[in-house]
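Protein sequences, first through last, are from chains A and B.
With the first letter of the first sequence counted as 1, position 112 gets the number 112 in the numbering used here; the numbers rise by one all the way through.
Just remember that the numbering used here sits 342 ahead of the position in the second sequence, which is counted from 1.
Hints are computed from structural coordinates only; laboratory data are not their basis.
What you are looking at is a predicted structure, and each value in this text was computed from that prediction instead of being measured.
Check each hint, because a few of them may be wrong.
Unchecked claim - Stretches of chain A that chain B covers, calculated by requiring three or more beta carbons in the stretch to come under 8 Å of a beta carbon on chain B:
no.	segment
1	145-154
2	158-171
3	271-277
We treat Cβ as the ideally placed atom computed from N, Cα and C, and that holds for glycine.
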Amino acid sequence: MVSNPVRPLPALPAELRAHLPAELRGLRRDGVRLMVVDRGAQSIRHSRFIELGSFLRAGDLLVVNRSRTMPAAVPAYRQDGELVQLRLCVRHVEEWHVLCVEPDPPHRNVALREGERLQVAGVETVVRGRRADLPLLWRIDPLREGLERMLRSGDPIRYSYVPEPVPLSHYETVYANEPGSAETPSAGRSFSWELLFELRRHGVQLADIVLHTGLSSLQDDAVDAEHPLFEEWFAVGANAAEAVNRAPRVIAVGTTVVRALETAAGRDGQVRAIEGWTRLRLKAGSPLRVVDGLLTGFHEPQASHFDLLRAFLHEPLLERAYREAITARYLWHEFGDLCLIL
Amino acid sequence: MSDGPKRLAGTVAMVTGASRGLGRALAIAFAREGAALALCARGIPALDEVANAAAGLGADVLAVPADVRSTRDLERLVALTLDRFHRVDILINNASELGPTPLPYLSEYPQAAFDDVLQVNVTAPFRLTQALIGGMLLRNHGVVINVTSDAAVTGYAGWGAYAVSKAALEGLTRTWTAELAGTDVRMYAVDPGDMDTDMHRAAMPDAVPSELARPDDVARAFIHLVTSAEPAVAGHRLEAAALGQ
């Protein structure tokens, strides 16, 4: 149904990868740029994130993901003393699903053995085996006092374009609450409370949900290109559901919020309070029952993120936006600039 | 008092430095009023003792051994608390460092000790509040109480780093209050007065205990502050003795 682009999309130039958060690049947290894609007018405008209010109307509802980022990259020792890094992807009560990679860049996958024991922050866990649908993910016994262990010994998951460690507080949004995300719900990372207060004064409403993110990469290009899908835990409370059902226009801050709200939406377009696991995959042609707009970061076209954008944008406008973002030198990834799709 | 209605049932309070002195008294007083508690301190046996005492009063208690000078410990305290209780309604930045005793004059105050006092008394409350206030603002509900001292406003010889740190903490309280204008998240700096505590004995070994306030009585003033139907004006320094019980 979606035709291949006539011209191949240009690769993302390396220098456009944001290697530090804005507040460590001499700007403020909210000092990033904003590209505004208007689907009705088929227009693309260039602005600054602090001007967000000028693109919104009184009554608009911003929905944010209040999930707190965990230090989800945890050192572990195999029985022969080999040091590996576990990246927690899915935290079920009865079983954890983790990626196992080398401790140093480029963090290639490490093959474990079924039944082998790992030492993680002073406690032992047992590898139960591979996940059938995603063999790069290992099923392990949940760590005893697992969150506590992770908080003692883990670090934020960091990709190659962030050359030096960045403290966890810079990965957190300013409204982060319950811990559970493996990676930052980054579309909201640039918000300051100063900006949120200003938007509120303009009549923009704020609601919050929780979706604990998994991994954005399984450290294998071929597997990542298949856009692996795994379940993510989410919760939409009664207050948020009511606010969404009442709002004339709902703008999701991040694709995680789209996933949570569209999972919570019935066929009648009404959102109900719900919590659980979502496996919803949004792609070109997926109906958007409740979300009218999206604030998102810039991520590479091979990421599954691009699939979801196709639910919002037809291919020609998506391509145009992608090319223009590169020409206009927007910064990419979790510490980069932002794009508002209305 | 324990026979009355539990005025803080359903709320979650965090108290730092909860193992001794005012912190211990606050933990017990909040437990009596029905609050769920997140407590931290460095000394594990003393922390466990307070946690058990509070749990014995029916409180749901999370005790986290933590050194508030450590960023990782603070994040661990916050994340474990939010994982367990999903929110914090009342944060009391109580953990305080007096500095070396007998109290040296500033002219010979060791810089490392000076930095340490500021880290415990200013940087830790700043970072802990920052980590928790986002959730309070989403719910538009919350109280932060910073424990200060009259040393912040009076120049007592020998109280150098402690006085500087408490003056800074009061400045933080005033500034943050201005930034919270229009919200229902309130911040106070409360001076408990001279109390019969280990810290006071270390600072002033010759004080007469009977002339000092009892931490349990001071803790009741904190309860009054967070339960009063007409909230006190935020931002300014408040004296516990004037708050009523």
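Under a C-beta cut-off of less than 8 Å, do 3 or more residues of the segment 145-154 of chain A approach chain B closely enough to confirm the stated coverage?
-> holds (count 4)
State whether the coverage of the segment 158-171 of chain A by chain B holds or is violated, taking the criterion as 3 or more residues with Cβ-Cβ distances under 8 Å.
-> holds (count 3)
With a cut-off of 8 Å between beta carbons, are at least three residues of the segment 271-277 of chain A near chain B?
-> violated (count 0)
Against the hints set out earlier in the document, a violation occurs for number 3 only.
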